[in-house]
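S.K.: Listed below, chain by chain, are the residues.
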Amino acid sequence: MNYSLSINGKNHEIEAQKDMPLLWAIRDIIGLTGTKFGCGVSQCGACSILINGNLTRSCSMPVSYGIGKEIFTIEGSSENLEFLRESWNEGNVPQCGYCQSGQLIAATSLLNKNENPTDQDIDTAMSGNICRCGTYTRIRKAIHRAVELKKEA
Amino acid sequence: MSEIGQVNRRDFIKIFSLASGGIILGCNVSSDKKEFIPQVDGSFSPNLFVQLQKDGNITLIASRSEMGQGIRTSLASAIADEMEADWKYITVKQATGDAKYGNQNTDGSRSVRTLLGPMRKMGATAKAILITAAARKWNVAESVCKAENHFIINTNNNDKIFFGDLVDEAAKVSIPAEETVPLKKIEDFKYIGKKIKSVDLKDFTHGTATYGIDVRIPNLKFAAIARSPVTFGSVKSLDASDAKKTSGVEDVFEMQRLVPPTGQFFGALGGVAVVANNTWSAFQGKLNLNIEWNSGENESFNTDDFTKKITERVHQKAKVVPGSKGSVTSAFKEAEATIEATYHVPFLVHSPMEVPNATAWFQGNKIEVWAPVQDPQTARAEIAHFFKIPLENITIHVTFLGGGFGRKSKSDFVVEAVALSKKINAPVQVVWTREDDIQHSFYHAASAQYLKGSIDAEGKVTGWLQRVALPSITSSFKPFSEYASGFELGMGFTNNPYNLKNFRLENAKAEANLRIGWLRSVVHIHSGFGNNSFVDELAFAAKKDPLQFQLDLIGKDRIIKGKSPQPYNSQRLKNVLNVVTEKAKWGRELPKGSGLGLAVHYSFYSYVVTVVEVSVKNEKVIINNVWSAIDCGLVLNKDNVVNQMEGAVIFGMSLAMYGKISTKNGAVEQHNFFDYQMARMKDAPTIDITVIDNMETEPSGVGEPGVPPVAPAICNAIFNATGKRIRSLPLSDHNLV
Numbered sequence: 001m002n003y004s005l006s007i008n009g010k011n012h013e014i015e016a017q018k019d020m021p022l023l024w025a026i027r028d029i030i031g032l033t034g035t036k037f038g039c040g041v042s043q044c045g046a047c048s049i050l051i052n053g054n055l056t057r058s059c060s061m062p063v064s065y066g067i068g069k070e071i072f073t074i075e076g077s078s079e080n081l082e083f084l085r086e087s088w089n090e091g092n093v094p095q096c097g098y099c100q101s102g103q104l105i106a107a108t109s110l111l112n113k114n115e116n117p118t119d120q121d122i123d124t125a126m127s128g129n130i131c132r133c134g135t136y137t138r139i140r141k142a143i144h145r146a147v148e149l150k151k152e153a
Numbered sequence: 001m002s003e004i005g006q007v008n009r010r011d012f013i014k015i016f017s018l019a020s021g022g023i024i025l026g027c028n029v030s031s032d033k034k035e036f037i038p039q040v041d042g043s044f045s046p047n048l049f050v051q052l053q054k055d056g057n058i059t060l061i062a063s064r065s066e067m068g069q070g071i072r073t074s075l076a077s078a079i080a081d082e083m084e085a086d087w088k089y090i091t092v093k094q095a096t097g098d099a100k101y102g103n104q105n106t107d108g109s110r111s112v113r114t115l116l117g118p119m120r121k122m123g124a125t126a127k128a129i130l131i132t133a134a135a136r137k138w139n140v141a142e143s144v145c146k147a148e149n150h151f152i153i154n155t156n157n158n159d160k161i162f163f164g165d166l167v168d169e170a171a172k173v174s175i176p177a178e179e180t181v182p183l184k185k186i187e188d189f190k191y192i193g194k195k196i197k198s199v200d201l202k203d204f205t206h207g208t209a210t211y212g213i214d215v216r217i218p219n220l221k222f223a224a225i226a227r228s229p230v231t232f233g234s235v236k237s238l239d240a241s242d243a244k245k246t247s248g249v250e251d252v253f254e255m256q257r258l259v260p261p262t263g264q265f266f267g268a269l270g271g272v273a274v275v276a277n278n279t280w281s282a283f284q285g286k287l288n289l290n291i292e293w294n295s296g297e298n299e300s301f302n303t304d305d306f307t308k309k310i311t312e313r314v315h316q317k318a319k320v321v322p323g324s325k326g327s328v329t330s331a332f333k334e335a336e337a338t339i340e341a342t343y344h345v346p347f348l349v350h351s352p353m354e355v356p357n358a359t360a361w362f363q364g365n366k367i368e369v370w371a372p373v374q375d376p377q378t379a380r381a382e383i384a385h386f387f388k389i390p391l392e393n394i395t396i397h398v399t400f401l402g403g404g405f406g407r408k409s410k411s412d413f414v415v416e417a418v419a420l421s422k423k424i425n426a427p428v429q430v431v432w433t434r435e436d437d438i439q440h441s442f443y444h445a446a447s448a449q450y451l452k453g454s455i456d457a458e459g460k461v462t463g464w465l466q467r468v469a470l471p472s473i474t475s476s477f478k479p480f481s482e483y484a485s486g487f488e489l490g491m492g493f494t495n496n497p498y499n500l501k502n503f504r505l506e507n508a509k510a511e512a513n514l515r516i517g518w519l520r521s522v523v524h525i526h527s528g529f530g531n532n533s534f535v536d537e538l539a540f541a542a543k544k545d546p547l548q549f550q551l552d553l554i555g556k557d558r559i560i561k562g563k564s565p566q567p568y569n570s571q572r573l574k575n576v577l578n579v580v581t582e583k584a585k586w587g588r589e590l591p592k593g594s595g596l597g598l599a600v601h602y603s604f605y606s607y608v609v610t611v612v613e614v615s616v617k618n619e620k621v622i623i624n625n626v627w628s629a630i631d632c633g634l635v636l637n638k639d640n641v642v643n644q645m646e647g648a649v650i651f652g653m654s655l656a657m658y659g660k661i662s663t664k665n666g667a668v669e670q671h672n673f674f675d676y677q678m679a680r681m682k683d684a685p686t687i688d689i690t691v692i693d694n695m696e697t698e699p700s701g702v703g704e705p706g707v708p709p710v711a712p713a714i715c716n717a718i719f720n721a722t723g724k725r726i727r728s729l730p731l732s733d734h735n736l737v
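Heads up: the sequence lines are chains E and B, in that order.
Taking my numbering, I'd label the letters of the first sequence as residues 1 to 153.
Taking my numbering, I'd label the letters of the second sequence as residues 1 to 737.
It should be emphasised that the hints constitute simulated quantities derived from the structure, not laboratory data.
Honestly, I wouldn't trust all of these hints.
Computed from the model, here is a short list of chain B residues facing chain E with C-beta under 10 angstroms [to be verified]: (1) Glu354; (2) Glu435; (3) Asp693.
Taking lysine to any residue and the SDA-like style, the derived pairs with C-alpha atoms no more than 25 angstroms apart in a straight line are [claimed, not checked]: (4) Lys150/E with Lys197/B; (5) Lys664/B with Thr307/B; (6) Lys195/B with Arg145/E; (7) Lys333/B with Lys197/B; (8) Lys197/B with Asn89/E; (9) Lys88/B with Glu86/E; (10) Lys150/E with Ser78/E; (11) Lys195/B with Glu15/E; (12) Lys638/B with Asn89/E; (13) Lys88/B with Glu82/E; (14) Lys195/B with Ala147/B; (15) Lys195/B with Leu149/E; (16) Lys544/B with Trp586/B; (17) Lys194/B with Gly31/E; (18) Lys638/B with His144/E; (19) Lys556/B with Lys592/B; (20) Lys244/B with Arg145/E; (21) Lys366/B with Thr210/B; (22) Lys561/B with Tyr498/B; (23) Lys113/E with Arg680/B; (24) Lys221/B with Asp19/E; (25) Lys54/B with Asn103/B; (26) Lys141/E with Lys202/B; (27) Lys682/B with Asn114/E; (28) Lys190/B with Glu698/B; (29) Lys682/B with Gln43/E; (30) Lys617/B with Thr118/E; (31) Lys202/B with Val215/B.
Covered by chain B, per the in silico footprint, the following chain E stretches (three or more residues, Cβ under 8 angstroms) [what the hints assert, rightly or not]: (32) 2 to 13; (33) 142 to 150.
Ideal placement from N, C-alpha and C gives every residue a C-beta, glycine not left out.
Extracted from the complex, chain E is given alone in its bound form (with noise of 0.2 angstroms):
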């Protein structure tokens, strides 16, 4: 089958069989690797991705899903991500990186929801992606700082 996909603001003409998962379409047809495969049964949010405005985990989605939605991935760029990979550079937050794709974008979709969330709220919002590091502290510390960035912005 031939989708029409809408990433980022761009647009993608691709072939996958309709029962792909997003993330599989994303990273093997797109080619955009940043959107991570870590357990396949929305059970550890690296595959997080945004649409229409919505976290999603891209594994468990169908390509056909994101027909004629806006699409958002790690590599994309919006104003309160960019204000998390600020502070996530300043708490020099991630060890080994590989599941920070999606706890950006799942920081990104609370900061989208709640200008200003609790110690609470980020454990909520942040619960189901897994960093087998261990950087959770320091996360929820950036969350914390990019709101603080906002406001002083």
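Assemble the complex: chain E is given as a structure, and chain B must be docked to it using the hints.
M.R.: Showing chain B alone in chain E's frame:
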């Protein structure tokens, strides 16, 4: 690259000029030696490079794999500091797998402790050469020149020359003798001991870091492999018709198990490979395979039965281990009281977020591999062995590792990719599913430990008997090894930090029916759990505070040299204990249902103490606060040490709370993160890390030492809160999480 510099073979530093107009400085970095090693044959091969370009940019080669421990940044910062380089000009390039870079095996928390010396000398020598070059240009004495922030400065008149502008002159300089090159004083360090951010932050936050799974080369095929549910089982019959019909699938092959020669390598499990034009089709094709397996001799392996069996064995006399001393028999006879306890740790799996994967391209007499490997030289040697290709025709490109934790030390997944590429005559990427990763790993061994201790009328420990049974890592190399080996018992059992007069360690038999490997901190997970849980039990029996009891057991100040590269210093451990318990306000009044627990551990020559505060509500444990401190001698990158220690707390929590691999009829029962769970954001406590200032002492391990004390500190805190003693991990088995 043409060689024009004068080579001083004795000192092993060499200058090359580059066609692009820069110079390279190379030196011989021996595996675990701190000094440059004289090389006597004429075939000088520089092992590590500092490359200075005319535009001032410096490229430093990282010889160890980056898996989140920050090694690319740490090694580079040591060179840059001694060189007086400006950090903004530094880029780091990853070495391929090649013995010319020295030992590249990235494990054992040893990269910094073995490479810091050579890296500093490398930087210092580069600086000395640049000073000589500048002095010649100005026609002044070297003694009036100094290096500062990428310039050489003439201290007589404050003239300065940019590093990049010295390239041509530097290429003509003789190499100074090693002993004439001074190293910086600790108080002059600019980067060492300071907060240096990862050189890879930009890539990590933009999705542009290339991990193994992100490698894309022209005409790349993707493959998934179905492996026998029972370890070392084989294909009995295969019906591949449904798999072959799967959209995107191109072919299906049976793959033979590759059995490594005794004593080396890892081989590959074999099974059925599905080759497709994308990863997902390969996964789908694998699900559509109809395979009947010959399970083989591990079919009857049930972990519940195994636990019973090794428990019985540690309850009987076993082999006495050298290093036992005094007489526990008489200590027990004369004791005021004796205490006994049995502890269990289950099998564990690493599950790095990036699953095992490798890309290989077999091109007749040449093989190219791109893979996230901790030990690229073993991968290379293993390929040479199995595929009869000369070592020099095999190139291993080391990608970023999306976590390693010991799993990616084993190159089975690389061997699979090479075998498959040879079969299909095309480049191929083998990707394990998460289920493959959890069900076909090299597992951290399960263990049973029996401890018996005696205390006298004053509550002092007089005797300590410890029996341990755990399947040995050596079983993966030498079939039928059925006892823990000396190096394994040397991880916290034969060398516990306590001053015990009467001590007996016994080693009980434990067969391996799974592939056994090493996982972050390895056997220290068992010894840390057994030792610290038991000390807490002894303290309770003696009606003593666990802090004072630990201090008494560690005993008088003493330094034990033994055969190890670094001595054990009991004073350092007591210092860490005092520092961290003060921060945690040990001994304070706590609300009902809350508790504090502590654990101490000495591993990889580092001293770590961890205090955990828990609260137990509705019979569920919440880990609220963790304080942990490390004395790892000289600190190369302080923020990175803190980051590693924070990560170790979470890693330790994951194994304490949820970590358990079990088998039924030989097959692993867990599948994915829903039944092999790990700590998440909601579980993350506040973590307070203290790094002891001990810059005068040589550096010791950082990546692993934070892990062992976490689980026992949690369990001791639970006891303090509730009076319930947890003697087997994980907490999920006790319905506490």
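S.K.: Against each hint, give a clear statement of whether it holds in the structure.
M.R.: A quick look at each hint next to the structure:
no.	hint	verdict
1	Glu354	5 angstroms, holds
2	Glu435	8 angstroms, holds
3	Asp693	20 angstroms, violated
4	Lys150/E with Lys197/B	22 angstroms, holds
5	Lys664/B with Thr307/B	13 angstroms, holds
6	Lys195/B with Arg145/E	18 angstroms, holds
7	Lys333/B with Lys197/B	58 angstroms, violated
8	Lys197/B with Asn89/E	8 angstroms, holds
9	Lys88/B with Glu86/E	18 angstroms, holds
10	Lys150/E with Ser78/E	12 angstroms, holds
11	Lys195/B with Glu15/E	48 angstroms, violated
12	Lys638/B with Asn89/E	16 angstroms, holds
13	Lys88/B with Glu82/E	22 angstroms, holds
14	Lys195/B with Ala147/B	22 angstroms, holds
15	Lys195/B with Leu149/E	21 angstroms, holds
16	Lys544/B with Trp586/B	14 angstroms, holds
17	Lys194/B with Gly31/E	38 angstroms, violated
18	Lys638/B with His144/E	23 angstroms, holds
19	Lys556/B with Lys592/B	36 angstroms, violated
20	Lys244/B with Arg145/E	52 angstroms, violated
21	Lys366/B with Thr210/B	23 angstroms, holds
22	Lys561/B with Tyr498/B	15 angstroms, holds
23	Lys113/E with Arg680/B	21 angstroms, holds
24	Lys221/B with Asp19/E	20 angstroms, holds
25	Lys54/B with Asn103/B	31 angstroms, violated
26	Lys141/E with Lys202/B	19 angstroms, holds
27	Lys682/B with Asn114/E	18 angstroms, holds
28	Lys190/B with Glu698/B	18 angstroms, holds
29	Lys682/B with Gln43/E	14 angstroms, holds
30	Lys617/B with Thr118/E	22 angstroms, holds
31	Lys202/B with Val215/B	19 angstroms, holds
32	2 to 13	violated (count 0)
33	142 to 150	violated (count 0)
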